[in-house]
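Turn these sequences into a full structure, and let the hints guide you.
In the working numbering, each residue's number is its place in the sequence shown (first place is 1) plus 44.
Mixed in with the good hints there might be a few duds.
[Claimed, not checked] Below 25 Å or equal to it, Euclidean Cα-Cα: the simulated PhoX-like pairs (lysine-lysine) are:
#, residue 1, residue 2
1, 142, 104
2, 150, 194
3, 104, 194
4, 194, 220
5, 150, 109
Quick caveat, the hints were computed from the structure, so don't treat them as lab data.
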Amino acid sequence: MKKNPFINLCISSFISSNIIGLPIIAKAQSFNNSQPIITAQNVNQLTEENLTAIMKTIEKAEKEKNLQPILDYLSPYVISTVTVESDNTTIITSLQGKKSHENFLKNSFATLKNETDINSYSNIKITEDGQMASVTRVQGTDVVTEDGKKYLSVSTDKIHFALIDNEPKIINVEVKGWLQERP
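Structure (structure tokens):
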């Protein structure tokens, strides 16, 4: 098992599982052209606009290796599964609670030297009552680790949001990624 490929892929993606059925609003978009929300804000419903702003804030924080904006959107009981395939090996990591996510991200950020987005596609689905939503993000990234190794990372991230005390919070993330070492 290679630890660096696993950690690098995890940094390039954040996702949520299909635990909840979400009929409704679905629209593909990029988060790069939206105004960010700095921290969790009180809202009555999850909307395309506030989810787009949240995802832009999270993506900016990932690029800057800034944990706090990401942690601000995690619910205390967030559960995540990260599955990475690399060199005929599959590694599955389960995370439970905000603290385990924080530790995982710190370790991942420490291993990552540079990442460059190749392409990204996102889709938002919101329940009719606006209380829950799912964001699916597919992205390709060139990754360089602190020890100079280069990788191509491709992942599908599913991030499930719920309104908790009128604040949008991530309750579940599922990352499925593939990592290939580059010359």
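Which numbered conditions among the earlier hints are violated in the structure presented, ordered from lowest to highest? Every hint satisfied by this model.
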